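Got chain A; can you put chain B on it based on the hints?
Number of protein chains: 2
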Amino acid sequence: MDIPNLRWWGWGTLDRSYPLENRPRFWPTLRAWLELPDDLTERPPVPLESVHLRPSRLDDPVLASLRRLVGEEAVRLDLRARVEHACGKAYRDLVRVRAGHIPNPPDAVVYPADEGQVAAVVAWAADRDILIIPFGGGSTVLGAVEPPPDDRPAISLDLARLDRLIAIDPVSRTARIQAGATGPEVEAQLNAHGFTLGHFPQSFEFSTLGGWIATRGAGQTSTGYGKIEHMTQAVQVVTPVGIIETRDVPASATGPSLLEILVGSEGAYGVITQATMRISPRPEVQDYRGFLFHRLDEAIAALRDLMQQGPCPTIARLSDPEETAGFAVLAHAHSGLRALIDRAVDRYLAWKGHSLTGGSCFLLLGYDGHPADVRPRWRRATQICRDHGGLPLGRSVGESWKRERFAQPYLRDTLLGVGVMVDTLETATTWSNLLHLYEAMTAAIRAAIRGTGGGPGYVMTHVSHSYPWGASLYTTFLGRQVPGAEIEQWWAVKEAATEAILAAGGTLSHHHGIGRDHARWFREEVGPLGLKTLRAIKDTLDPTGIMNPGVLLPLAPDDEPYR
Amino acid sequence: MDIPNLRWWGWGTLDRSYPLENRPRFWPTLRAWLELPDDLTERPPVPLESVHLRPSRLDDPVLASLRRLVGEEAVRLDLRARVEHACGKAYRDLVRVRAGHIPNPPDAVVYPADEGQVAAVVAWAADRDILIIPFGGGSTVLGAVEPPPDDRPAISLDLARLDRLIAIDPVSRTARIQAGATGPEVEAQLNAHGFTLGHFPQSFEFSTLGGWIATRGAGQTSTGYGKIEHMTQAVQVVTPVGIIETRDVPASATGPSLLEILVGSEGAYGVITQATMRISPRPEVQDYRGFLFHRLDEAIAALRDLMQQGPCPTIARLSDPEETAGFAVLAHAHSGLRALIDRAVDRYLAWKGHSLTGGSCFLLLGYDGHPADVRPRWRRATQICRDHGGLPLGRSVGESWKRERFAQPYLRDTLLGVGVMVDTLETATTWSNLLHLYEAMTAAIRAAIRGTGGGPGYVMTHVSHSYPWGASLYTTFLGRQVPGAEIEQWWAVKEAATEAILAAGGTLSHHHGIGRDHARWFREEVGPLGLKTLRAIKDTLDPTGIMNPGVLLPLAPDDEPYR
Numbered sequence: 007m008d009i010p011n012l013r014w015w016g017w018g019t020l021d022r023s024y025p026l027e028n029r030p031r032f033w034p035t036l037r038a039w040l041e042l043p044d045d046l047t048e049r050p051p052v053p054l055e056s057v058h059l060r061p062s063r064l065d066d067p068v069l070a071s072l073r074r075l076v077g078e079e080a081v082r083l084d085l086r087a088r089v090e091h092a093c094g095k096a097y098r099d100l101v102r103v104r105a106g107h108i109p110n111p112p113d114a115v116v117y118p119a120d121e122g123q124v125a126a127v128v129a130w131a132a133d134r135d136i137l138i139i140p141f142g143g144g145s146t147v148l149g150a151v152e153p154p155p156d157d158r159p160a161i162s163l164d165l166a167r168l169d170r171l172i173a174i175d176p177v178s179r180t181a182r183i184q185a186g187a188t189g190p191e192v193e194a195q196l197n198a199h200g201f202t203l204g205h206f207p208q209s210f211e212f213s214t215l216g217g218w219i220a221t222r223g224a225g226q227t228s229t230g231y232g233k234i235e236h237m238t239q240a241v242q243v244v245t246p247v248g249i250i251e252t253r254d255v256p257a258s259a260t261g262p263s264l265l266e267i268l269v270g271s272e273g274a275y276g277v278i279t280q281a282t283m284r285i286s287p288r289p290e291v292q293d294y295r296g297f298l299f300h301r302l303d304e305a306i307a308a309l310r311d312l313m314q315q316g317p318c319p320t321i322a323r324l325s326d327p328e329e330t331a332g333f334a335v336l337a338h339a340h341s342g343l344r345a346l347i348d349r350a351v352d353r354y355l356a357w358k359g360h361s362l363t364g365g366s367c368f369l370l371l372g373y374d375g376h377p378a379d380v381r382p383r384w385r386r387a388t389q390i391c392r393d394h395g396g397l398p399l400g401r402s403v404g405e406s407w408k409r410e411r412f413a414q415p416y417l418r419d420t421l422l423g424v425g426v427m428v429d430t431l432e433t434a435t436t437w438s439n440l441l442h443l444y445e446a447m448t449a450a451i452r453a454a455i456r457g458t459g460g461g462p463g464y465v466m467t468h469v470s471h472s473y474p475w476g477a478s479l480y481t482t483f484l485g486r487q488v489p490g491a492e493i494e495q496w497w498a499v500k501e502a503a504t505e506a507i508l509a510a511g512g513t514l515s516h517h518h519g520i521g522r523d524h525a526r527w528f529r530e531e532v533g534p535l536g537l538k539t540l541r542a543i544k545d546t547l548d549p550t551g552i553m554n555p556g557v558l559l560p561l562a563p564d565d566e567p568y569r
Numbered sequence: 007m008d009i010p011n012l013r014w015w016g017w018g019t020l021d022r023s024y025p026l027e028n029r030p031r032f033w034p035t036l037r038a039w040l041e042l043p044d045d046l047t048e049r050p051p052v053p054l055e056s057v058h059l060r061p062s063r064l065d066d067p068v069l070a071s072l073r074r075l076v077g078e079e080a081v082r083l084d085l086r087a088r089v090e091h092a093c094g095k096a097y098r099d100l101v102r103v104r105a106g107h108i109p110n111p112p113d114a115v116v117y118p119a120d121e122g123q124v125a126a127v128v129a130w131a132a133d134r135d136i137l138i139i140p141f142g143g144g145s146t147v148l149g150a151v152e153p154p155p156d157d158r159p160a161i162s163l164d165l166a167r168l169d170r171l172i173a174i175d176p177v178s179r180t181a182r183i184q185a186g187a188t189g190p191e192v193e194a195q196l197n198a199h200g201f202t203l204g205h206f207p208q209s210f211e212f213s214t215l216g217g218w219i220a221t222r223g224a225g226q227t228s229t230g231y232g233k234i235e236h237m238t239q240a241v242q243v244v245t246p247v248g249i250i251e252t253r254d255v256p257a258s259a260t261g262p263s264l265l266e267i268l269v270g271s272e273g274a275y276g277v278i279t280q281a282t283m284r285i286s287p288r289p290e291v292q293d294y295r296g297f298l299f300h301r302l303d304e305a306i307a308a309l310r311d312l313m314q315q316g317p318c319p320t321i322a323r324l325s326d327p328e329e330t331a332g333f334a335v336l337a338h339a340h341s342g343l344r345a346l347i348d349r350a351v352d353r354y355l356a357w358k359g360h361s362l363t364g365g366s367c368f369l370l371l372g373y374d375g376h377p378a379d380v381r382p383r384w385r386r387a388t389q390i391c392r393d394h395g396g397l398p399l400g401r402s403v404g405e406s407w408k409r410e411r412f413a414q415p416y417l418r419d420t421l422l423g424v425g426v427m428v429d430t431l432e433t434a435t436t437w438s439n440l441l442h443l444y445e446a447m448t449a450a451i452r453a454a455i456r457g458t459g460g461g462p463g464y465v466m467t468h469v470s471h472s473y474p475w476g477a478s479l480y481t482t483f484l485g486r487q488v489p490g491a492e493i494e495q496w497w498a499v500k501e502a503a504t505e506a507i508l509a510a511g512g513t514l515s516h517h518h519g520i521g522r523d524h525a526r527w528f529r530e531e532v533g534p535l536g537l538k539t540l541r542a543i544k545d546t547l548d549p550t551g552i553m554n555p556g557v558l559l560p561l562a563p564d565d566e567p568y569r
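One line per chain: the protein sequences are A and B, in this order. Using this note's numbering, the final residue of the first sequence is 569, and nothing's skipped along the way. Using this note's numbering, the final residue of the second sequence is 569, and nothing's skipped along the way.
Please note that the accuracy of each hint is not assured.
Derived EDC-like pairs: lysine to aspartate or glutamate, alpha-carbon spacing no greater than 16 Å straight-line [said to hold, decoys possible]:
| # | chain 1 | residue 1 | chain 2 | residue 2 |
| --- | --- | --- | --- | --- |
| 1 | B | K538 | A | E251 |
| 2 | A | K538 | B | D133 |
| 3 | A | K538 | B | E251 |
Computed from the model, here is a short list of chain B residues facing chain A with C-beta under 7 Å [what the hints assert, rightly or not]:
| # | residue |
| --- | --- |
| 4 | L171 |
| 5 | I174 |
| 6 | S178 |
| 7 | G270 |
| 8 | W384 |
| 9 | A434 |
| 10 | T436 |
| 11 | S438 |
| 12 | G476 |
| 13 | L535 |
Listed next, the stretches of chain B that the computed footprint assigns to chain A, with coverage defined by at least 3 CB atoms under 8 Å from CB atoms of chain A [as the list claims (entries may be wrong)]:
| # | segment |
| --- | --- |
| 14 | 237-247 |
| 15 | 254-261 |
| 16 | 517-526 |
| 17 | 537-550 |
Everything labelled a hint here was simulated from the structure, so no lab data went into it. Bear in mind that the values here come from a model prediction, so they are computed numbers and not experimental data. A virtual CB, placed ideally from N, CA and C, is assigned to each residue, including glycine.
Next up, chain A with everything else stripped away, as it sits in the complex (with noise of 0.2 Å):
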């Protein structure tokens, strides 16, 4: 029902951090990059026993009838559930939550044990007009599982114990899964008959089946296994006015998609409690390697020859010159024979007229099945690779990169600590409009960092998911903190970001989602008469507006983030 130990104020759980030590060029190359000054003061966050929450807003016989439904132990008012529950993990998020400033807690949080228990606390709630946020992992970047400033009370209905494997069919390849549960979950049990679902987000160890199909999320290997909207085959949404459930069929022709209106509703329709998805054969050989390209253009060129024409890959990420110069300084020093070899290898990516620091661009590619398949897949790919300049790098790269694939948030935690901002968005778009919209976005968030006094800032960008017709593109942005003010600096840089996007031809989300912070520019997204559909059908699954309320759907044209 909890995970023990969890970082509250930050990513993941207590006992790990990014491991800084032995990566002697990591911090004076930041403090170059972003000008920062020489005495770093760590900036702790308050003692969770230092925040103040306002009182929880549900009387006895109220919660005494929820508890009537879910059990004694299953509501829950102590300060850290609900210091827990108040708000994802957004650098927004993190900045309020590392200065105790938490103004709308949910008023409890709520285990429900089954799909009937979530079904009976979601008719609990619409019969006394209290506000319900569904709960995964709480991973969201972009304010999703935040309660609204609102005078109706608001639980946070978690669903962690909604986190079995119900039903597999292997012959069809598709599995029965309870919304709850996390990545590790997912796994774990699929895994027991031989099969995986292919899902691996950054946030994977937390993030829960529910809140991917939530927000049609995307995982590292999504190039291969497919987003989460293309494994998920039928789900079972509770909404104030009933269940849905969408037919358990591989395709159909019967109107409108239900399942891709229920798909991407962020909790604003109602809770997924359980979903029918697409499962593999786990692969005998996961082979990641890594490539070297003089120019970002030729890179994207021979990544589009692979979608289109080459063996698809699982994997492929490819970096831009700053991205590849932030895994080079993130690089562990070596000492004796091994400091030998990293200099020898220098000097052969020299020779080769390579520099990780000056221009290169790194690509992840890899390949998932039995070796029989993998094998002349790569000899296609590299040859693909070769034709536009690629160098090969080995297997050893993708080793090491599996190896923190799932580390970097526990970096950001540090940064914050020093007075750093940082954050990632993400959007997607054509092949033929890919480097402008990476050129244009790139240009307004430097330019943004640098007017929002958070000196020269350093961006950088991979292109993340890939498809014969496009791909997406995921940009982290670090800037100085201006303090005092690190949340409106923050929305400035993200407001000129997305409307560089726009302008460009990019998608709002490729994979993070709407959720709040994103839902001002919804209206741009889907036109005038796009929202106007998605509200219609709001108001008819959710006629009193308990769901989620404020995500997805703007509550006002000009809403912006809480702060």
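Structure of chain B alone, referenced to chain A:
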């Protein structure tokens, strides 16, 4: 604007028919199977001149205002135009049209020249409470283009003039195409740039891009190229309250999919006017071959292996023993050397334990692509088929299938002319449920044909489109017509088949849509809340209900097709 020589009472054009000369086994076998009388008397359709239509209910001032929008020539009230647009090409339609029974013809047929004129006509109709029936190729088999019995006048909005490729993006492999382009128009324009859409339904020669998208159609090669919804990246839809344009990106995480709400909307929400389609390079080879299997379950296992492990076929159509026998009785008679070869082939098949009319199952399997890619795929596919007892028949059966791929609807006209009921239906389910669904559906149809006095009937099925998670079934049924009660008889069979499909876990349609004929089961398919949701969308986009009323969303719970 008009295909000359159209067979207004049947399929295609008057200069073509299904040639039965030189197929000596056809009529005797059909007589035996259906227990037809020895003397099949031809019942020709009534002459066009004898069809009496209700006069147009649009008065001269209204017509004059319409003509001002689209031009004099683009508004037709002549008998031929109104008859050709009065209904689709279902068995029910042809029975009525051949008898000259057209109670609800459109009051005018309008041919807008472009998207602006479509918008103008829709606004004009909304102002005057005139119904709009969007019309593409008119090849619906579910009553989706027929004006309802209604006091309001109705116009048929024929998109034939919106037939252009607007733009092509060879880098991103997408093309913007107007919705009225027919199959040959789409392909000719894409082929000129070296591309194909890869969508070849049996109705290819007449049906249109907009019709395919509106009904979630599939083509003969959709196992390889995808159903139309998998190829559709963005749409433009004209509704009575304005124009919706979805964003042209390869993927996004921006809430429920507006695109997937408009795809499959069957003209009930608006008129699809343009779409951005995902295109493929024209294949250098289309290598299609035949296999014979001893048993249907073994053949299904081979097909499933191909979809889950083997190289995904471009086309895979697996016929049950009845359909395999049907192909055999349609074979041409040969003389001389070829007759000797035919007999040798028969002996070889018998030696291998096969009999085309005695239980063997025929699989048409094909790969499109570069020769260098197709060859290794065939090696592996052949091995998978052999592993399940499949006997390779070579390429010549593939070539002869290609020659006749669009011809079968012509045979239906011949059969209707001699008193044979013939219709098709289709569904889809998971692999583990496929044989159960097949058996339940087949038994229900057989019993219903006999129950209606249609004799023993003949029911034949093929697996038409496959996925890693399941497949679709496409069934043709034949029986003796009950003179004077042809539509009641057909409806009894259709009802029995549909109830059996839904009870056995199949979907109401895999690629024909809902139209009017499936509307009464739509609630069962999507559930009461699903239906309410889709109605709420209709009320938003078409508040006065002028768009194709009665199609997709039932007007009453017990809606039946018009008679």
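Is the interface hint satisfied for W384 of chain B? The criterion is a beta-carbon contact with chain A at less than 7 Å. Cβ of W384 of chain B sits 15 Å from chain A, so the hint is violated.
Please count how many residues of the segment 517-526 of chain B have a CB within 8 Å of a CB from chain A and say whether that reaches 3. It holds, with 5 qualifying residues against the three required.
For the restraint on L171 of chain B, tell me whether the closest CB of chain A is nearer than 7 Å. violated, 17 Å
Hint consistency between K538 of chain A and E251 of chain B [alpha-carbon to alpha-carbon, up to 16 Å]: At roughly 13 Å apart (the allowed maximum being 16 Å), E251 of chain B and K538 of chain A satisfy the hint.
Is K538 of chain B close enough to E251 of chain A, meaning Cα to Cα at most 16 Å? Distance ~13 Å between K538 of chain B and E251 of chain A Cα, so the pair holds.
How does the segment 537-550 of chain B fare against chain A when you require at least three residues with a CB closer than 8 Å, holds or violated? holds (count 8)
Restraint check, 7 Å cut-off on beta carbons, for G476 of chain B near chain A: holds, 4 Å
Does the structure keep K538 of chain A and D133 of chain B at a Cα separation of 16 Å or less? Outside the cut-off at roughly 21 Å; violated.
With a C-beta cutoff of 8 Å, work out whether three or more residues of the segment 254-261 of chain B approach chain A closely enough for the coverage to hold. With 8 residues close enough to chain A, the hint holds.
Can you take a look at whether the segment 237-247 of chain B is actually covered by chain A? Rule is 3+ residues, C-beta closer than 8 Å. holds (count 3)
Does the interface hint hold: is L535 of chain B within less than 7 Å of chain A, judged Cβ to Cβ? holds, 5 Å
G270 of chain B as chain A interface residue, shortest Cβ-Cβ below 7 Å: Hint holds; G270 of chain B Cβ to chain A Cβ min 5 Å, cut 7 Å.
Against the hints set out earlier in the document, violations occur for numbers 2, 4, 5, 8.
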